[in-house]
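Q: Chains as they are written, first to last, in our numbering: chain U, 1 to 420; chain F, 1 to 262.
Any given hint might turn out to be false.
What the hints assert, rightly or not - Keeping only pairs whose Cα atoms sit at most 30 Å apart, straight-line, the calculated DSSO-like set for lysine-lysine is: (1) Lys-117/F to Lys-108/U; (2) Lys-360/U to Lys-229/F; (3) Lys-172/F to Lys-360/U; (4) Lys-238/F to Lys-360/U; (5) Lys-114/F to Lys-341/U; (6) Lys-114/F to Lys-62/U; (7) Lys-62/U to Lys-117/F; (8) Lys-77/F to Lys-238/F; (9) Lys-117/F to Lys-360/U.
Unchecked claim - Which stretches of chain F does chain U cover? Using the computed rule of at least three CB atoms under 8 Å from a CB of chain U, they are: (10) 84–97; (11) 246–255.
What the hints assert, rightly or not - Covered stretches of chain U (chain F as the covering partner; in silico rule of three or more C-beta atoms under 8 Å from a C-beta of chain F): (12) 75–83; (13) 261–267; (14) 305–316; (15) 359–369.
If you are wondering where the hints come from, they were derived from the structure by calculation, not from laboratory data.
It should be emphasised that the depicted structure is a prediction, and the values quoted were computed from it without experimental measurement.
The beta carbon of each residue, even a glycine, is placed where N, CA and C say it ideally should be.
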Amino acid sequence: MGRYNTRDNSLKTALLVGSLVLLSLVTLGAKDVDLRGMVRSYNAMTLADADLAINEQTIDLKLEGWGDMTRLVVNPYAYVGLDSEPEIGIREAYVDLFFESMDVRIGKQAIVWGQAEGAFITDIVSPRDMRSFILADFTEIRMGIPALKADYYLGDYTFEGIWIPRFVPSSLPASDGLWAQEMTLPNGTPIAPSITEVGTTFEDSEVFGKISRFGSSLSWEVMGGYAWTDEPHVTNIDGPTATATQEYGRFAVVGGSFSMPLGPTVVRGEAALYLDKPFSSVTPAMPSPTVEVEKHHQVQSLLGVDWNLWGVSMSGQYILSYVHDHNATLMELGRPVEEFKHTFTFRMQDTYISDRLTAKIFVYLEPEPLNALVRPSLSWSIEDGVSIEGGVELFVGDEDGTFGTYSDNSLAYVSLRWYF
Amino acid sequence: MKHSLKKIIVGLACLGAVVLAPVGATMTGNEVMQQVYTRPNGNNMSANLIMTLTNNRGSTRERSIVQFRQDDGAIEKKLMFFTAPADVRDTSFLNFSYSDGRSDDQWIYLPALKRVKRIASDNTGDSFMGSDFTYDDMGERHPSEDRHTILRQETIDGWDVLVVESIPVDPKETYTRTVSWIVDGEWIGLKKEFYTADGKLGKTLGIDAFEKIDDIWVITDMTMANVQKNTSTRIQMKDVSFNNELADSFFSERQMRIGPRT
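Chain U extracted, bound-state conformation (with noise of 0.2 Å):
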């Protein structure tokens, strides 16, 4: 929500949706068929000063086709705001091969990896949207990329390898939008971005596998891959044009998750190596910063437990982030990185009168320094398929935390959802 910046969008691209969405109708036409959708209307008011920020229009459809042993599938979107031009787009579009035991498939596709809840660890195959921070639904928040992936199976273990032709970078949000993070200066002057983009050479192209259990007592992943930063590090900052040019960096990355059973609970981790990512390494000088590019090796980890107390469902996180050999200058996305920081996060989820009521509320924490997001919401089914929402994103705490930086976004919102 609230993708407010500016828009690669025009008549060309609403044709090409358009033509794409119909050429699948045709080529479908005698396949079974189906199509179905969601239109969303969501505004949300700024806490600190009673501001309607986002008033935002979606409509998500999905078209789906089946043949004998493939499927087609066709996701466009579009979002239509009050302060900004429309989008629309294909959030993915792909075709699957089902053989016997193995499916391939080819296309756009969002992947997901991994047992984090609302972290990223070796969830890290598809960019995500980050327009509107992680504010976003778990549908739009993770981009599509052009891919072919193959699954083969083998009893309770599947092969899985990814083969990303083309690099798609996360959608950071604009300089001018909401959840903007301004580079500046020392004396304050803020710094336009300059990135330079990755290459479309076979060398560039990303690659990633995994193998994997589904078990009973046990399941697991393991996976590893050679692949690009989502988000730019800068490597240089020219003060007198009050510039900074970014790029992307290569990185390995070895990791793996699992989840089991234990007593009336579950108990998921998740963890990843990332080796030789590249970081920003800022000295201030005037007129323009040092920058450097360091190479260090991070950990990322979790360790989450669910449960159910009176019916009503929790979950709770802990989350290690690690950087190996780590010095004071390093940067990441205009923020310090710290050599150890640590995030909790806790989520408690009930429905009420024959699931017509789900209060729900999902807290991110981060105790040094401490700051927060807390995200309650009371969502209300007024008949099947048709749903209205409110619910507050609060942002508190020390204004340097990931959360507490924005703090002056804290927003109310209402939205009104209908599936067909």
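Knowing the structure of chain U, use the given hints to seat chain F on it.
A: What follows is chain F alone, placed relative to chain U:
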């Protein structure tokens, strides 16, 4: 000779009485519930379910489910795909019930998350998708989880039934006593009452229709009524078929993501 003939007649009469007596009359409660648990139900089964939820004001909501079940004697696997309404469509639910009495394993696939998530087994007493059925009700409860006693015999709609009281071994369960009406010899339940710890009737399961399909008894229409909340959930089963060609790998994470296509 006359005395011997009398002996034979009396002997035959006794034998006849034994043969013609209801089968369950000589069984214990545990044996009856074991018969219910092991009643033939096909190697596998598929069906379309319509779940109708009625609230205390009488308004209804409907959910459509495609269900597949496979039982190899040791594990009963059940895979459910929600096909309607639109906001829960493509959600799937996989349940493994173990004949050795182990806790069920349960997973849910939420299409919005694109992720198969294991469910904490402690929630088996929670409502299944907002209905009056719990996750526990949707699986097969192993007889060893309760102590069973035959209370009496009755006749319902011409069927000889055994009324069996079951007390959970785990005293912390929501319903501390259930009473089941089991058709003697056919081992199918016609009715079940669930009582709370204070002895009050909590909910009732009524069987509105059952029939033999491929020589297997199938409950095709049942209603769980929550007496205290004045709500009810009716499940109707249609297009029931047994012994389909389903690979064991059908009951998998892969299929949960693909959907009900075989």
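Q: Quick one: which hint numbers does this structure break? Sort them smallest to largest.
A: 4, 12 and 15
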